[in-house]
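Could you put the whole structure together from the sequences, leaning on the hints where they help?
Protein chains: 2
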Amino acid sequence: MYRFKPELRIPGPVPVPSAVSLQMARPVVNHRGAVFHEKFPDVLSRLQPLFGTKNPIYMITGSGTAGMETAVSNLVSPGTPVLCLVGGFFGKRWMELCTAYKAEVHVLEFPWDRGVDPDQVADFLASHPEIELIFMVHNESSTAVLNDVEGVSRARGDHQALLVVDAVSALGGTPCEMDARGLDVVVSASQKCLMMPPGAAFIALSERARAYVEKSEASRYYFDLRKYEQFLAKGETPFTPNIHIVFALEEALRMMEEEGLENVYARHLLMRDMTRAGARALGLELLVRDEDASPTLTAIKFPEADSFRQRVREKYGVEFAGGQGIHAGRVFRVGHMGYATPLDVLTALAVLEIELKKYGQATEAAERVMAAR
Amino acid sequence: MYRFKPELRIPGPVPVPSAVSLQMARPVVNHRGAVFHEKFPDVLSRLQPLFGTKNPIYMITGSGTAGMETAVSNLVSPGTPVLCLVGGFFGKRWMELCTAYKAEVHVLEFPWDRGVDPDQVADFLASHPEIELIFMVHNESSTAVLNDVEGVSRARGDHQALLVVDAVSALGGTPCEMDARGLDVVVSASQKCLMMPPGAAFIALSERARAYVEKSEASRYYFDLRKYEQFLAKGETPFTPNIHIVFALEEALRMMEEEGLENVYARHLLMRDMTRAGARALGLELLVRDEDASPTLTAIKFPEADSFRQRVREKYGVEFAGGQGIHAGRVFRVGHMGYATPLDVLTALAVLEIELKKYGQATEAAERVMAAR
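Residue numbers (our numbering), protein chains in the order written: chain A, 18 to 390; chain B, 18 to 390.
Since the hints were made in silico from the structure, they are not lab data.
Model, not experiment: these values are computed from the prediction.
Each hint should be verified, as a subset may be incorrect.
No copy labels: a pair is met if it fits in one copy or bridges any two.
[Claimed, not checked] Below 25 Å or equal to it, Euclidean Cα-Cα: the simulated SDA-like pairs (lysine to any residue) are: (1) Lys-251 to Thr-70; (2) Lys-119 to Ser-233; (3) Lys-332 to Pro-44; (4) Lys-109 to Glu-234; (5) Lys-119 to Glu-234; (6) Lys-22 to Gly-50; (7) Lys-251 to Gly-339; (8) Lys-56 to Glu-276; (9) Lys-56 to Arg-330; (10) Lys-71 to Met-273; (11) Lys-232 to Glu-121; (12) Lys-56 to Pro-34; (13) Lys-56 to Asn-72; (14) Lys-109 to Glu-253; (15) Lys-318 to Leu-287; (16) Lys-251 to Arg-347; (17) Lys-109 to Ser-144; (18) Lys-244 to Glu-224; (19) Lys-56 to Leu-249; (20) Lys-119 to Arg-227.
Okay, here's the thing in structure tokens:
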């Protein structure tokens, strides 16, 4: 019906503000030239408040998975004992990456609708002093669960393991507080809460993680963070970067700085609460209980979810994401991250209402939540 | 003087046509959705005439080096005997990549101003039947040499080795003819002759190379071509791609198809001949002899090349590239690839003339070359 104005309500890639999109159309500059030298380190340093770190941020031209592999290839040697916390598709991706790099992989599995349990992590670590790296996901977008990274860091206590966090669908939508929480490696990407097109990943390391990188014996070249460190010192990347993501990032950060990071995070919480209240008012069942709910997307149980999604896409131009892994076909996911507002959530809820022939209820509930804040 | 209108005459990233740049600003689409499913395989297949292959092309979100590492990580296992043909910076990059992947690396070195000598390759292979992979560069942009890939393929004869070619700064500027010439793996990237911003690499495999990929024991995940093959079958990539490069590629290919590939290649040869004639008329010495000269860039010897480049950049807004490796500081390189015309070459030559206070000579020489074609 309204296919000429698509509403992309998937958990990434997300709609990009026009002002950011236009940066993507700028003329190319020399990535070894003066303009880039000046801009690049400055723009990256403005990501530090989002990561919550005083350490440098590196940009890898690639997808979020490229960022995750950058972490693994710089840390994991054959036989390194690692612990992967798996409660969804992206936790599994850490496990697959560590397996590909021939780590000694230990896995703690959690239900695919619950957050990681820090107590179980503490118990496991107590009996496994040899573990060198813990891999976890901050926001598990396959299940719409926000994991308690701070709890896991605390559960680690004085165990030696470094904590490596996939914050691809979290960073910019919810506080990361890397340094304060003791996260050792944080990975994110351009196309989620950072409001940019896909094309680049970002990664930061604690001092301890930086030192640990020297130990890794894995084969790596494009992902070798030591090269990125050397080149960042001269305002460059070792390999031709996605120059336009740097331009886009400058504008996206300007917008987030103007809104204020606290307001950005509060907006995401509001969108979460509205989506959940609206879905409940429609009699729909949420996949995740309140205490584990993601601020950046919501998963809703639905029989024959895929044909429902197709109908909604074709009739209204609103695109939801399907379920992943064990939830395929039985869940749909509503993205509310990045360049999204509570009004966008109302649109999504209105479509659900209309399609479910229960006019009025959900948006009323959502409006009550919006008013309550 | 004219810094508001920069003339980027470096060998990549190169200026991008406005029509292509505007594609970069398009709204984001779902990379797992209908629009992308329809467009992606179609656009990639239109690269086949440029590669000169009937085999599928895969797109890796990353730089040209990411494309090269895709080749290495899918082919090289620890201990694999490989031969790298090194006559410049990018030949050396193959060697470094193969070393990082713990190959048994053999190197044939060639002077950094000459093409690879197929006879030496034939001799080496005759005494090294164990070599499984040959790595070479089609257009060595560090020296402005076009290597004879066909000659090397022929020199290989019925030796078992697969021939892996870096065509990053060649593809789209000079015929590749992958299948006809018996090249087994060809890698290229978006930001050179393909007239796009940086952000993606492209790779194609012969049937024999495809079968060989199964043998590789290297740790790989993001670069695992078997995943790209699986996902291309459904019109997707395994990991969130640089969606906008797909849009940009569609427009860039439309432009190249409209011009006609033969005309595109002829234009590059003309720009080469003009640049060389103009430089000679100015009394400048070319780094590379005629028979090895690259159609996509030209290297010119110049004392104190870097301060000269800086002066030209600041006074006229024309940016040349510096020398690489042993040529650093003693050579500058003039890019004439992709979205560049003989008129752009005249601009570059005019600036050289003015700066060298020898008005008239070079452009006259260049005009004679242009008229002769």
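Here is what the structure says about each hint:
no. : hint               : result
1   : Lys-251 to Thr-70  : within (21 Å within a copy, 40 Å between copies)
2   : Lys-119 to Ser-233 : both (12 Å within a copy, 14 Å between copies)
3   : Lys-332 to Pro-44  : between (38 Å within a copy, 20 Å between copies)
4   : Lys-109 to Glu-234 : both (23 Å within a copy, 21 Å between copies)
5   : Lys-119 to Glu-234 : both (11 Å within a copy, 11 Å between copies)
6   : Lys-22 to Gly-50   : between (39 Å within a copy, 15 Å between copies)
7   : Lys-251 to Gly-339 : between (43 Å within a copy, 16 Å between copies)
8   : Lys-56 to Glu-276  : within (22 Å within a copy, 36 Å between copies)
9   : Lys-56 to Arg-330  : between (40 Å within a copy, 18 Å between copies)
10  : Lys-71 to Met-273  : within (19 Å within a copy, 47 Å between copies)
11  : Lys-232 to Glu-121 : both (16 Å within a copy, 23 Å between copies)
12  : Lys-56 to Pro-34   : both (21 Å within a copy, 23 Å between copies)
13  : Lys-56 to Asn-72   : within (18 Å within a copy, 41 Å between copies)
14  : Lys-109 to Glu-253 : between (33 Å within a copy, 20 Å between copies)
15  : Lys-318 to Leu-287 : within (21 Å within a copy, 63 Å between copies)
16  : Lys-251 to Arg-347 : between (50 Å within a copy, 21 Å between copies)
17  : Lys-109 to Ser-144 : within (23 Å within a copy, 47 Å between copies)
18  : Lys-244 to Glu-224 : within (16 Å within a copy, 34 Å between copies)
19  : Lys-56 to Leu-249  : within (12 Å within a copy, 36 Å between copies)
20  : Lys-119 to Arg-227 : both (21 Å within a copy, 24 Å between copies)
When each numbered hint is compared with the structure, no violation occurs for any of them.
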